[in-house]
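The whole structure should be built from the sequences, with the hints applied where relevant.
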Amino acid sequence: MQAIKNFTKSKGAMLAIVTIVLAAFFQIMNSNFLSLDNLKGIMNACSLSGTITVGMACLLMSGSIDLAAGAEGCFGGVMCALLLRTMMPWPVALFITVLIGMVFGLINAFLCNVMGFMPFIATIGMQSVIKALALIITRSQNIAIADKSFWAVGTSTLWIFPMPFVIMAALMIAYGIMIANTRFGRRMLLCGGNRQAARLAGVNPKKVSTIMFVNSGAIASIAGAVLAARMHSASPTSVVGAEMDGMTAAIIGGVSFLGGGSSGMGVVFIGLLLLNTFQNGLTTIKLDAYWQTVASGGLLIIALVIDFYREKRRVMSLKASAGKSAA
Amino acid sequence: MESVRGLRKFIRSKTFTLIILVIIIWAFFTIVSGGAFIKLINIRNILNSMVVTSFLTVGAVFLMICGYIDLSTSMIGSMSGVVVAIFLTNLGLPWVLAVLLALAMSGVIGLFNAFLINGFHFQPFIATMAISSVVQGLTMVTCGVTAIPITEPLMVKIGTARIADAVPYTIIASLAVISIYGFILSKTNFGKNIYMIGGNPRAARLSGLNPSRTSYILFLNNALLGGFGGILLSFRLKAGVVGSVANSQFAGMTGAILGGVSFGGGSGGMGGAFVGMLLLNGFNNGLTVMGVPPYWQTFASGALLLIALSFDYLAMKKTGRTNPF
Amino acid sequence: MSEVLEFCNVGKSFPGVRALDGISFTARAGRVVALLGENGAGKSTLLKILSGDLRADEGDIMINNEKCTFNAPFDSIKSGVSVIYQERQLVSSMSVIENIYSGDLPCDKFGFINKREMHRTTQDIIDKFGLPIQPGELVGRLSVAYQQMVEIMKAYRRNSKIIAFDEPTAALTDAEVDILFRLIRQLRDDGKIVIYVSHRLAEIFQVTDEIVVLKDGRHVKTLVTQETNEQELITAMVGRDIGDTYKNLSRNDKYGEVVLEVNNLVTDAVHDVSFKLRAGEVVGFAGLVGAGRTEVMRAIFGADPVLSGEIKLGGTVTEFKSPKDAIDCGIALCPEDRKEDGLVLFRSILDNICLPVFHKMKKGIVLDIDKQNKLAISAVNRYSIKTPTVDKTVMELSGGNQQKVILGRWTSELIDTKVLILDEPTKGIDVGTKAEVYQMVCDFAKQGIGVIFISSELTEVINVADTIIVMHNGHITGTVGREHATEESVLALAMLD
Numbered sequence: 001m002q003a004i005k006n007f008t009k010s011k012g013a014m015l016a017i018v019t020i021v022l023a024a025f026f027q028i029m030n031s032n033f034l035s036l037d038n039l040k041g042i043m044n045a046c047s048l049s050g051t052i053t054v055g056m057a058c059l060l061m062s063g064s065i066d067l068a069a070g071a072e073g074c075f076g077g078v079m080c081a082l083l084l085r086t087m088m089p090w091p092v093a094l095f096i097t098v099l100i101g102m103v104f105g106l107i108n109a110f111l112c113n114v115m116g117f118m119p120f121i122a123t124i125g126m127q128s129v130i131k132a133l134a135l136i137i138t139r140s141q142n143i144a145i146a147d148k149s150f151w152a153v154g155t156s157t158l159w160i161f162p163m164p165f166v167i168m169a170a171l172m173i174a175y176g177i178m179i180a181n182t183r184f185g186r187r188m189l190l191c192g193g194n195r196q197a198a199r200l201a202g203v204n205p206k207k208v209s210t211i212m213f214v215n216s217g218a219i220a221s222i223a224g225a226v227l228a229a230r231m232h233s234a235s236p237t238s239v240v241g242a243e244m245d246g247m248t249a250a251i252i253g254g255v256s257f258l259g260g261g262s263s264g265m266g267v268v269f270i271g272l273l274l275l276n277t278f279q280n281g282l283t284t285i286k287l288d289a290y291w292q293t294v295a296s297g298g299l300l301i302i303a304l305v306i307d308f309y310r311e312k313r314r315v316m317s318l319k320a321s322a323g324k325s326a327a
Numbered sequence: 001m002e003s004v005r006g007l008r009k010f011i012r013s014k015t016f017t018l019i020i021l022v023i024i025i026w027a028f029f030t031i032v033s034g035g036a037f038i039k040l041i042n043i044r045n046i047l048n049s050m051v052v053t054s055f056l057t058v059g060a061v062f063l064m065i066c067g068y069i070d071l072s073t074s075m076i077g078s079m080s081g082v083v084v085a086i087f088l089t090n091l092g093l094p095w096v097l098a099v100l101l102a103l104a105m106s107g108v109i110g111l112f113n114a115f116l117i118n119g120f121h122f123q124p125f126i127a128t129m130a131i132s133s134v135v136q137g138l139t140m141v142t143c144g145v146t147a148i149p150i151t152e153p154l155m156v157k158i159g160t161a162r163i164a165d166a167v168p169y170t171i172i173a174s175l176a177v178i179s180i181y182g183f184i185l186s187k188t189n190f191g192k193n194i195y196m197i198g199g200n201p202r203a204a205r206l207s208g209l210n211p212s213r214t215s216y217i218l219f220l221n222n223a224l225l226g227g228f229g230g231i232l233l234s235f236r237l238k239a240g241v242v243g244s245v246a247n248s249q250f251a252g253m254t255g256a257i258l259g260g261v262s263f264g265g266g267s268g269g270m271g272g273a274f275v276g277m278l279l280l281n282g283f284n285n286g287l288t289v290m291g292v293p294p295y296w297q298t299f300a301s302g303a304l305l306l307i308a309l310s311f312d313y314l315a316m317k318k319t320g321r322t323n324p325f
Numbered sequence: 001m002s003e004v005l006e007f008c009n010v011g012k013s014f015p016g017v018r019a020l021d022g023i024s025f026t027a028r029a030g031r032v033v034a035l036l037g038e039n040g041a042g043k044s045t046l047l048k049i050l051s052g053d054l055r056a057d058e059g060d061i062m063i064n065n066e067k068c069t070f071n072a073p074f075d076s077i078k079s080g081v082s083v084i085y086q087e088r089q090l091v092s093s094m095s096v097i098e099n100i101y102s103g104d105l106p107c108d109k110f111g112f113i114n115k116r117e118m119h120r121t122t123q124d125i126i127d128k129f130g131l132p133i134q135p136g137e138l139v140g141r142l143s144v145a146y147q148q149m150v151e152i153m154k155a156y157r158r159n160s161k162i163i164a165f166d167e168p169t170a171a172l173t174d175a176e177v178d179i180l181f182r183l184i185r186q187l188r189d190d191g192k193i194v195i196y197v198s199h200r201l202a203e204i205f206q207v208t209d210e211i212v213v214l215k216d217g218r219h220v221k222t223l224v225t226q227e228t229n230e231q232e233l234i235t236a237m238v239g240r241d242i243g244d245t246y247k248n249l250s251r252n253d254k255y256g257e258v259v260l261e262v263n264n265l266v267t268d269a270v271h272d273v274s275f276k277l278r279a280g281e282v283v284g285f286a287g288l289v290g291a292g293r294t295e296v297m298r299a300i301f302g303a304d305p306v307l308s309g310e311i312k313l314g315g316t317v318t319e320f321k322s323p324k325d326a327i328d329c330g331i332a333l334c335p336e337d338r339k340e341d342g343l344v345l346f347r348s349i350l351d352n353i354c355l356p357v358f359h360k361m362k363k364g365i366v367l368d369i370d371k372q373n374k375l376a377i378s379a380v381n382r383y384s385i386k387t388p389t390v391d392k393t394v395m396e397l398s399g400g401n402q403q404k405v406i407l408g409r410w411t412s413e414l415i416d417t418k419v420l421i422l423d424e425p426t427k428g429i430d431v432g433t434k435a436e437v438y439q440m441v442c443d444f445a446k447q448g449i450g451v452i453f454i455s456s457e458l459t460e461v462i463n464v465a466d467t468i469i470v471m472h473n474g475h476i477t478g479t480v481g482r483e484h485a486t487e488e489s490v491l492a493l494a495m496l497d
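So the sequences go chain by chain: A, Z and V. For what it's worth, the numbering used here labels the leading residue of the first sequence as 1, then goes sequentially. For what it's worth, the numbering used here labels the leading residue of the second sequence as 1, then goes sequentially. For what it's worth, the numbering used here labels the leading residue of the third sequence as 1, then goes sequentially.
No lab work stands behind these hints, which were simulated from the structure alone. Check each hint, because a few of them may be wrong.
Unchecked claim - Short derived list, chain Z residues pointing at chain V, Cβ under 7 Å:
| # | residue |
| --- | --- |
| 1 | K187 |
| 2 | N189 |
| 3 | K192 |
| 4 | M196 |
| 5 | G199 |
| 6 | N200 |
| 7 | R202 |
| 8 | A203 |
| 9 | R205 |
| 10 | L206 |
| 11 | S207 |
| 12 | G208 |
As the list claims (entries may be wrong) - Within a straight-line C-alpha distance of at most 20 Å, the following computed EDC-like cross-link-like pairs (lysine to aspartate or glutamate) qualify:
| # | chain 1 | residue 1 | chain 2 | residue 2 |
| --- | --- | --- | --- | --- |
| 13 | A | K312 | V | D304 |
| 14 | Z | K317 | V | E396 |
| 15 | V | K418 | V | E319 |
| 16 | A | K207 | V | D75 |
All values reported here derive from a predicted model rather than from experimental measurement. In this text, a Cβ means the ideal position worked out from N, Cα and C, and glycines have one as well.
Here you go:
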């Protein structure tokens, strides 16, 4: 009973209600919105931004940010496709792709932790570099994928769930458990919440942030490769800007931008659904696809504004209670 | 005696290092391109490409010295360039009105950036990044990705005419902007306030300065400069194109950092930034002259930003100043 | 086995200041050892060395006769030292449990944490200390006092042998102090070495067994608490020379009109504050850290919003929307935190002195560099700021000289300061410069400026100010004239509950 009460008051419940209301609205506007085909479309869209979100949420929780995630995804996609051209078995190709993603993450980590750049500026520079590398190795061409066994990664379905969605959900669950239940996960939150306290507790915040950067690079590469598998070809610009969606979903889903605060991966998932429902809904009511870009930025601003008021209310209530105890 | 000391100080300064670097890079490209780089027509190209960059850099220098950053400038410029074309061509407005409206729209976005940062305590980069995405989306919603031609002869003339067939009018505008803003920064009360607020906003406020008003002014100014740059670019290209300015996304920032404007705020100047800009544009143009594909320029813009930051890092290390972030 | 902590000849220097000089003493298990001294005596530096935050230039720390080298805070924690600072090392968005474990969570070989065990252990510790806290509560929702208790429980959970407290009662009410002292006694009875840093005598008699007195970075003497009295302590702490400093001050005795009158001021942090300040008067504000003195001043200065009440300046009611309005009306504030609120560290002395008056130094639209130079050089000469040129950055100056730069800023000829608010002006500066600052305060008064002098050092505030206003918990609890003020009477008002 208490648990139910807690849930109804929680951020997750609020987000779920908003998502349902949105879905209902779009369903009324266009009766195809809740059709299986469109739901699959939403799931597919979710899978791309959702995979990026996993890496981004972890980084945000540990107090950094990776704006190169989208570019890493692009590079991952085309790298994987190029490797598959050499007739190598797809698991090997995917493995190498992920390794390269990790190298990008390592460079990001080097710039932030050794050179001391601010994460956002270092990764925004890396964003250009990686984006350009993706264009360079493909000469701006799309790379077709012929390996049919690899297609399955992108287009097969598990019951009604498209495989990319399953992969994304699996990652989200795994990382959710990691954050909530392992020592490393808690330490990660500690680093994000109070670096000094973490250092005093013998946790090395730089090491944690390095691991999370590498992790973000790896996950973004997977996202890119899975997208390529779904499309049967890789485009060097396919995932550009996905980091924005990932960040928006994570912040809507209760990850504090200043690190440390989080309501868990479950809420992040609901945030992701909300974002994608909204973006997909805009297209089903025949709005231009470009509105999705607007929505992504707009929702991010709204989420941050709501956060601002929540924080303000928290501080006010704390002050009020402190005043009472003093009187 | 005094002048000798001044000279020695100058030689040790970062600006001097940069000038040497500019000469080296220009010389390098001249040799590699077999002299094509230094030809009049190419110098003109460099100057031309500097127009937009200089507007972006000037705005970025002011913001960054004051401790802020704006990642939406290039999208604002892009929007402004498209919007002015729509007003001129599709709506047939008189050019004064069209330009003023485009600038007004840019200004509003700049003010909104400042509002998010001051009113809701957003971090500048996240606020301006989100705004950038909104602006980009809205621009594309309005006109798709098609270029909107500008045929108004006066506008085309402003964008493309040259003095003595060599120096474009637009470059005059950009040089004027650089010198005026350089003067404001180094000689006036307002410029001094920017440095002091960037150095320590809390202390500045307690000494009677107004950091939040200053940030509104600077974001407005930055958006207007970006918008103006976008408009001039559209005139030169004879069309409004989405993403026209996007290629110079970090140009302003990179130029400023290369020129010694520090990320923490409170230091740097316009002279250095100008040389930084010469370096940046010489480099980008050199790549073009050598026939390097355009995506290498994207690569270069990111790589140069990181290199600029590394310089900044080394300089900070030398003065014992720790990175504030 | 009984634990022993020894300091052997520990010394530490900062640029321009000898912070610690040959400190040696021993602390034994089951004893609470007080480190007593005025601000700047070296207590905090010693604690920082013990916690591994700073490294000693010379000397050793020995635990159980073993030499310890602390390169980082973690080394010291591993050796069984926990230091509880005033700024608490907690994460407010995490629960009590997580903060008590602080990254050092019990887990199985796969890294999965054992939530049940954590919860049980936390509950056990809470029960042991008898506190009304839930293990799952977010630390951000606890009051300051209970956050401190969480810190103590954290140290206890780590099984630290040595637990050091840095001015733990600074922000606590009397009832909370009692709980804290109970906990400290409990730790002592459990055989811990407790180090207790404070400059409040009453507390030290309540809770400690031994007292190590520091003065100007030197170890003056060690006393057994039961065998000494306050008089002996004060003499040891303050020494003779300081008393003379106060006697030799050349004071102002002619007061003018009331320049500042505050009636029923209410803000977020202060309630119903009223007082008057006359021209040429030095009004001292005493009280504990967090009593609301700084907040009153910030409200008067227009830096924080005023909820209700009126501020009269020279008889007319005024309302300041920003510090600029206040400055224009002749109020000046030297903030407590010089580095955060006062100075632009990376800019020159000249810039920092001219900061509020740049707009008055225009020649046409250009800033007049000669005027700036003249103003800065005159301030440097007036206060004998030790610097070769005014172009040096203030970062390179010592604390005392930095303070003088701020004073120079507010007393230049271009500013007509009528009310000068000095918030802890002697914090972190050496004894010699302190005496200079006291004389400056009196000189300002002689010039007809109304001076507000905030200080947490009782001796200083009751000897320099003409009238002492005591605050506690956002209220004014009393006003005393200098001739009637004693440390005891003022402290009683400051600790009033």
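Hint by hint, here is what the structure shows:
no.: 1; hint: K187; result: holds (5 Å)
no.: 2; hint: N189; result: holds (5 Å)
no.: 3; hint: K192; result: holds (5 Å)
no.: 4; hint: M196; result: holds (5 Å)
no.: 5; hint: G199; result: holds (4 Å)
no.: 6; hint: N200; result: holds (4 Å)
no.: 7; hint: R202; result: holds (5 Å)
no.: 8; hint: A203; result: holds (5 Å)
no.: 9; hint: R205; result: holds (6 Å)
no.: 10; hint: L206; result: holds (5 Å)
no.: 11; hint: S207; result: holds (4 Å)
no.: 12; hint: G208; result: holds (4 Å)
no.: 13; hint: A:K312 <-> V:D304; result: holds (16 Å)
no.: 14; hint: Z:K317 <-> V:E396; result: holds (16 Å)
no.: 15; hint: V:K418 <-> V:E319; result: holds (16 Å)
no.: 16; hint: A:K207 <-> V:D75; result: holds (18 Å)
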